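Chains A and B, in that order, are what the protein sequence lines are.
For the record, in the first sequence the residue sitting at position 1 is 1 according to our numbering, with numbers rising by one throughout.
For the record, in the second sequence the residue sitting at position 373 is 443 according to our numbering, with numbers rising by one throughout.
Since the hints were derived computationally from the structure, they do not count as laboratory data.
Be a bit skeptical, because a hint or two may be false.
Unchecked claim - Computed list of lysine-lysine pairs in DSS-like fashion (alpha-carbon distance at most 25 angstroms, straight line):
1) Lys-447(B) - Lys-103(B)
2) Lys-165(B) - Lys-20(A)
3) Lys-334(B) - Lys-293(B)
4) Lys-68(A) - Lys-25(A)
5) Lys-22(A) - Lys-165(B)
6) Lys-21(A) - Lys-122(B)
7) Lys-22(A) - Lys-162(B)
8) Lys-20(A) - Lys-142(B)
9) Lys-205(B) - Lys-62(A)
10) Lys-61(A) - Lys-205(B)
11) Lys-21(A) - Lys-165(B)
12) Lys-32(A) - Lys-22(A)
13) Lys-20(A) - Lys-32(A)
14) Lys-205(B) - Lys-38(A)
15) Lys-20(A) - Lys-122(B)
16) Lys-162(B) - Lys-20(A)
To be verified - Computed Cβ-Cβ distance ranges for the label pairs, DEER-style:
17) Phe-404(B) - Val-12(A): 27 to 35 angstroms
18) Thr-365(B) - Gln-9(A): 40 to 48 angstroms
19) Thr-365(B) - Leu-33(A): 45 to 53 angstroms
20) His-155(B) - Glu-13(A): 26 to 34 angstroms
21) Arg-16(A) - Gly-287(B): 49 to 57 angstroms
22) Gly-55(A) - Thr-365(B): 29 to 37 angstroms
23) Ile-58(A) - Lys-389(B): 41 to 49 angstroms
24) Asn-185(B) - Arg-16(A): 26 to 34 angstroms
25) Glu-145(B) - Glu-13(A): 37 to 45 angstroms
26) Glu-13(A) - Thr-365(B): 36 to 44 angstroms
27) Gly-322(B) - Arg-16(A): 54 to 62 angstroms
Keep in mind it's a predicted model, so treat the numbers as computed, not measured.
For glycine and all other residues, C-beta sits at the position ideal for the given N, C-alpha and C.
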Amino acid sequence: MNKKSKIDQLIVEAHRQNDKKKLIKLYFEASKLFSKNKEISFFLTQAYVFSLDVGDDIESKKLFHMLKQH
Amino acid sequence: MSNDLTLVTKPLEIANGLPNSHYIDQSVYELEKRSIFFEGWPGLCVASEVPKIGDAIPISFMGMPLLVLRGKQGEVRVFQNICRHRGMILVKERKNIEGAIRCPYHSWCYSTEGNLLVTPHVGGPGINTHPDIDKNTLGLIEVRSYIWRDVIFINISGDAEPFETIHKNLMTRWKEFEQPLFHGGEDSKFLLDVKCNWKLAVENYCESYHLPWIHPGLNTYSKLEDHYNINEPNLYSGQGSLLYRQFLGDNGAVFPNFADLSDKWTDGAEYITVYPNVLLAVQKDHVYATIISPTSTTTAEEHMHIYYASSDTDPKMRKDNCKQWEEIFIEDIFVVEGMQTGRQCSGFDGGRFSPAMDGPTHCFHAWVANKLLNFNKTVSA
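Here chain A stands alone, though its shape is the one from the complex:
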């Protein structure tokens, strides 16, 4: 199983468990596996949304700045 498939599986599992903190981490990790801006932004957005949801201000700020760069 390649890295993308593996992380995909972990994301599905984290969704199933409604583990939002894990989702932030996994989506962020996923963003590193892609090279096109659009793809990176997609995963960073997903991570950003869950960081807002759980109220992780530090992570939100970091992700927001990263999104602005893409």
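Fit chain B to the supplied structure of chain A, relying on the hints for placement.
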């Protein structure tokens, strides 16, 4: 039987009560919803239900999903509980919101102040903005609210006169009780489901006429002749007692009194309905608020909350006091449900009032009738 509301607004001595249709007809219920509840200032719940920052409770108010929320600055506000995107329900159950309110459908996120924070992928995958989506104009829809005596009153239409203008008279009347109220907590509230139209619960609260028969226990120390009617046409009505006997715990312990009350309240107490649906009481050692929430034409919920003058009161005494009030409210259930069943009799003309005893009930009926008549005039104009 006549549905003529002008019979209701006649003087007490010759007036009839509201017609049967006002208790059993779905179309009248819908009319009341728009003319009385959405245009006026009904009570929704109490601010003590959201004690901590981020606390949120979803409430279906006559079918409209609302969200009561304590924001980061500590202020309590009411919003329509829907996303501005597809109208999806945002919060399904009571919770504490640590971060943002995230719509479970497409993850549009809102702050606890109602601001729209992010619209993920709104411009396409990975693009979170679009020139036609102005986040500044798409915050949660706030419902106008006013908190008095911990009760959150709402004006859904947004164009009623200010709460404090409408209720200036009552606020002045009870000015002495404008002091910190401490909700007794979990042991000082209860919820009763009643199978009657909301108005019957209000009407029963307004008058003292029924006390000797329905609350014989209460009547041993608070006799009918010790009560007086409170009638403020177009504003509020209720009853007062000249012989309030305060709650006694084991060994005669009492709750602390509210500070600096005048002599009137040494033995006096008042029980008033803030129209349309909030039953309030002031007594020297504790006060309460009961919100009557209509759930259908023929059902309602009674949400009772008891408050003290101090945050430091005895838990057992609080529990016993609450139990006593719950028993009193339960004693009323067979009456309000019996009157509801009675509204199926086609020969009933709304009933005749006792000119001496039923002033407060008539005052409420006339207020309802006038609201409906004026609303109909406005709609047909």
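(message) So if I understand the rule, the pair passes when the alpha-carbon distance is 25 angstroms or less; does Lys-21(A) with Lys-165(B) pass?
(response) With a Cα-Cα distance of about 18 angstroms, the restraint between Lys-21(A) and Lys-165(B) holds, given a limit of 25 angstroms.
(message) Hint check: Lys-61(A) vs Lys-205(B), CA-CA at most 25 angstroms. Holds or violated?
(response) holds (18 angstroms)
(request) Confirm or reject the claim that Asn-185(B) and Arg-16(A) have a C-beta distance inside 26 to 34 angstroms. (result) holds (31 angstroms)
(message) A range of 41 to 49 angstroms was offered for this pair. Does it hold for the Cβ distance of Ile-58(A) and Lys-389(B)?
(response) At roughly 44 angstroms between Cβ atoms, Lys-389(B) and Ile-58(A) fall inside 41 to 49 angstroms, so the hint holds.
(message) Verify the CB-CB distance for Gly-322(B) and Arg-16(A) against the hinted window 54 to 62 angstroms.
(response) 59 angstroms Cβ-Cβ, so the 54 to 62 angstroms window holds.
(message) Lys-447(B) and Lys-103(B) were given as a pair; does the straight-line alpha-carbon distance stay at or below 25 angstroms?
(response) Holds, because 16 angstroms separates the two Cα atoms, which is no more than 25 angstroms.
(message) Check whether the Cα positions of Lys-32(A) and Lys-22(A) lie no farther apart than 25 angstroms.
(response) This hinted pair holds, its Cα atoms lying about 16 angstroms apart.
(request) Please work out if Lys-22(A) and Lys-162(B) have their alpha carbons no farther apart than 25 angstroms. (result) holds (23 angstroms)
(message) What's the verdict on Lys-68(A) and Lys-25(A), does the C-alpha distance respect the 25 angstroms limit or exceed it?
(response) Holds. Lys-68(A) to Lys-25(A) sits at ~19 angstroms (cutoff 25 angstroms).
(message) Range first: 49 to 57 angstroms. Now tell me if the beta carbons of Arg-16(A) and Gly-287(B) are that far apart.
(response) The hinted range 49 to 57 angstroms holds for Arg-16(A) and Gly-287(B), with Cβ atoms some 56 angstroms apart.
(message) Quick check on a hinted range of 29 to 37 angstroms for Gly-55(A) and Thr-365(B), using CB atoms only.
(response) holds (34 angstroms)
(request) Could you see if the CB distance from Thr-365(B) to Leu-33(A) stays within 45 to 53 angstroms? (result) Because 52 angstroms falls inside the window, the suggested range holds.
In terms of the numbered hints stated before, the structure departs from hint 17 and from no other.
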